[in-house]
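> Chain by chain, the residues:
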Amino acid sequence: MVKNNDIFILSELIGEKIHPITYELLGKGRELANKLNTCLSSIILGYNIKELAKELIYYGSDKVYVYDHPLLKNLDILLYKHNIVKLILEEKPSIFLIGATPFGRSLGPRIAAALNTGLTADCIDLDIDEEGNLIQIRPAFSGNIIAYIKTSTRPQMCTIRYKTMKPAIKDIKRNGEIINKNVEILNNKNIEILEIIKAKEINISDADVIVSAGRGLKKPEDFSMIKELADLLGGMVGASRPLVDEGWISKEHQVGFSGNTVKPKLYIACGISGSPQHLFGMRDSEIIIAINIDPSAPIFRIANYGIIGDMYKIIPRLIEEIKRRLKSKNERNN
Amino acid sequence: MNDGLNLIVLIKQVPEIDKVKFDIEKGRIDRSSAKGVINPFDLNAIEAAVQIKEKIGGNIIAISMGPPQAISSLREAISRGVDKAILLSDNKFAGADTLATSYTLACAIKKIGKFDIIFCGEKTIDGDTGQVGAEVAEHLNIPHASYVSKIIEYNKENIIVLSEMGSYNYIIKLKFPCLISVTKDINVPRLPTFKDLMKARKAEIEIWDSNYLSDIADINKFGIEGSPTRVIKISMPKEEIGKCKIFKGEIDEIVSALVKELGVILKLW
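These protein sequence lines map, in sequence, to chains A and B.
With this note's numbering, letter number 200 in the first sequence gets 1370, and the count goes up by one each step, no holes.
With this note's numbering, letter number 164 in the second sequence gets 166, and the count goes up by one each step, no holes.
Just so you know, these hints were derived from the structure itself, not from any lab.
Wrong hints could be hidden among the right ones.
[To be verified] For lysine-lysine, the following PhoX-like pairs were computed, each having C-alpha atoms within a straight-line distance of at most 20 Å:
#: 1; chain 1: B; residue 1: Lys247; chain 2: A; residue 2: Lys1435
#: 2; chain 1: B; residue 1: Lys245; chain 2: A; residue 2: Lys1433
#: 3; chain 1: A; residue 1: Lys1483; chain 2: B; residue 2: Lys250
#: 4; chain 1: A; residue 1: Lys1243; chain 2: A; residue 2: Lys1435
[To be verified] Between beta-carbon pairs, the in silico distance windows are:
#: 5; chain 1: A; residue 1: Lys1187; chain 2: B; residue 2: Glu56; range: 52 to 58 Å
#: 6; chain 1: B; residue 1: Ile218; chain 2: A; residue 2: Asn1204; range: 41 to 47 Å
#: 7; chain 1: B; residue 1: Lys23; chain 2: A; residue 2: Ser1322; range: 28 to 34 Å
Computed from a predicted structure; not experimentally measured.
In this text, a Cβ means the ideal position worked out from N, Cα and C, and glycines have one as well.
Next up, chain B with everything else stripped away, as it sits in the complex (with noise of 0.2 Å):
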């Protein structure tokens, strides 16, 4: 056994948001319609994790909950430096809102027992909630700190951060156990080398089922069982046509009508 600190990083495969469809009669995307990638956040989660193992020695497990797809990720994030990986893939767990998803990576987390730090990105580009990362905290009774864009310090019990609160920052200590969700700001992560790829290749993947974790589960509280939360319907964003007066002529003549008009809406002359 190693006498570092114990970290988890939780993760999430999210499609390719520029190249995405959405399939508006069945209410929802297409995921045949883009590659399945990192949430982009959670890279910077990950890199957070493999700095302080590199400083204080340690362990990374890397947890997703998915489709067998996501496999393809998990295998990235050993490629960036986690040490293992699992991934939760059941039927039962599928359809899931932020409270049933915390919940089930909760209690994967407590399946695994002892931790120090769990670390998690500010939000999914899919999702867009930004909410599981506090749940899991709420579920497993532990302190969190979101939009943390600096570690300051830390040590074997505990760690200094800050927290990014808008119009102030905080800078909070926490003691492990505890749960930090980063910002993009807080290191640039890094790209693996090609020794890492081919190691992450022939990496074993864990994958844990609910059944996995009935000992210590309340099994209706996965996936759309456990969802208060349904969408009912999605629709695209209306677009107004037509209203707007295009000034036509002479840059001369443009500049000049738009300089009137600019006087009129902001009472300037």
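Okay, chain A solo, but in the shape it has when bound (with noise of 0.2 Å):
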């Protein structure tokens, strides 16, 4: 189906913004690309959204599809479908990335059944082989093994993993084509968005100061001292998933593979042992400290700071002399 080696992303947003999925796209789209020696294009689909093209040509699109209508508001998925469906198979791109969020994992699989082609999900990496054939790498059995995948047919679609690529930069000195399409409406009565409400904001894959709490927890109350020290380091409370499978804290603060990928600035484990689907969520983070009474628990393997005790002794000595320092610091600065 190959008509060019055109590789595609598809555009989310947030509200009236860019999600920032888009970037990580564009990012490693670009990097392909450049190996490839193609065009990058992208997809964009909503209401009042012509601004936003430009962005994308910003962030690396030497294309950008532009379909503009008050249905595609919000996410229509068999009118989403049926439009991309079309350029698709108009333009035959060799590669089409789509981010793996709840948007790119109920609108991607329709697509890529429509299209008779393969998709992998949740990839944490892409490569080319000397082909030219797109590797697609993601963890499989919950983060215990790493798979490497390719696809025989075109376009080779995957879902990439938020916050596992490197996002694109912006440079307003790029230039690019956009190309306004016709939106096709759909006569279909078999679905209706009644309404749409905003979700609670515990984005924390957007932290920059994680405090997790493990196994090592002994009782729900006890996360009070964990989000006492988050609060203090401007953070947020993070846990494994034996945590939130307990109903202890909601799903919303569950790092690991089947929560939420994070790579803040700092990563407080405490009581977490680092199992292999704990670690893949994690292990990014730029600084990682561990606080554990087990010697040998592997989340000492990754750390890069180390704490071997109780952490019902250290916590409430930790929070009580960043305390200490905030007040003398307030201090000297009146």
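Combine both chains into one complex, guided by the hints.
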């Protein structure tokens, strides 16, 4: 089906802004396009999005296909799919990247099935082999193994896990082509969005500091200690899967393969031994501090700093000491 | 015939994730290392269907694709309230990726004929793709809703659900026939009673092979032949070792060294 060797990415909106996953898709897409010496195109669907199309060029697109229509304001899955599939059949790209967000995970499989092509879920890296085929790298079995996957059909489609790739850098001197496409409307009454409610904003993936607790935490009330430390450091509370499964804290706080992937400046792991499934979600943090009573805990293998000891003894002292320091700093400043 | 809803649940048998071992050289999992269980998310899909049946009446069929051992999981589905179970099992189905799997399941559903709602779990714990549900919906040309954490209301023509799409939750009305993939938050699956288990032991599980579907299917789209994606190798996640600086000494020394370090990292003092 290859007409050209182009790479396509699907941009995603969050409210009226571009979802940051899009910049990661553009970063990786640009790298692959350079390797293959080909063109990078973006697709954007929404309402009143003409200005955003320019942004996609500044962030590395050579071409942007724009679908601007009031009915595209929200994710109408069948309408989005119809227009995207039509474009892919016309332009026949070789690679098509989509974010592994709820949006991409719901829409991507429909597009792939309609095109009768393969779709690799949740990739954490991509590469090109000697023949110019896409190598898709993804964890499987809850992060216990890493699989390398190739696709024999075209386009080679995959979804990309948020916060695993380097975002593109903005360059307002970049030029590109904006192509306004005619939106085809369906007379489909099978599905209707009745209401859209903004969800609670707990996006741990965007936090600079995360203080996380694991099985070392003895009871749910003790999260107050973790929260106090996180608040003092301007951070958010994280948790490993067992605590979420127990219902001690909501899923938005879960770090790990089946939760969120995080890359904060500082990650403090309290009483977390470091299962592959947890390490998968936080190993790319800039600085990792681990507090654990067991010196053989795998978390120490990836931590930058370690404290072997009881978190119940260390954290309260730590909170005390930070408060003291902050207080004396404030007094100095006054 | 009943005049309630015709419900279908898609389930998969998966190895118990905490026990399974991997054969890195052969690039696959060692299925003998752990026993097969129903994918945990699919238990919520079964429970969602059973709750609707209890309220409005109807009939539930569970479908699974897999080796003959998967019969035990279909039996468990019956013990949890499913009326009839079908196993799609054939060497021709083996090695299927999500495209071939969803195609095969869609063919079986077409073979069943009339249905109102298909339920599935948001993903499986072994494949971890979460793609099969939406792909089945596409093959059947029906609407779907993903990440459904709540069923708001339903009647004999449509259903209204809460779909959690990250920063926004959508309240969506779907007309039958449709597909719904559910999260773990949607319900708490009940445990089967002793009586249910006894009934399930005696239940007949239908086994459908590729021939049985050949009148409506393109058999070249089954299994490994119909799968465009191929795993070329697997590896274990890399582990960096030995860069960790351990703070030692009395607790006061440790805390003071750590706070000093925190100050540097976060530019606090």
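> State for each hint whether it applies.
Now the hints, each set against the structure:
{"no.": "1", "hint": "B/Lys247 / A/Lys1435", "verdict": "holds, 17 Å"}
{"no.": "2", "hint": "B/Lys245 / A/Lys1433", "verdict": "holds, 18 Å"}
{"no.": "3", "hint": "A/Lys1483 / B/Lys250", "verdict": "holds, 15 Å"}
{"no.": "4", "hint": "A/Lys1243 / A/Lys1435", "verdict": "violated, 35 Å"}
{"no.": "5", "hint": "A/Lys1187 / B/Glu56: 52 to 58 Å", "verdict": "violated, 44 Å"}
{"no.": "6", "hint": "B/Ile218 / A/Asn1204: 41 to 47 Å", "verdict": "holds, 46 Å"}
{"no.": "7", "hint": "B/Lys23 / A/Ser1322: 28 to 34 Å", "verdict": "holds, 29 Å"}
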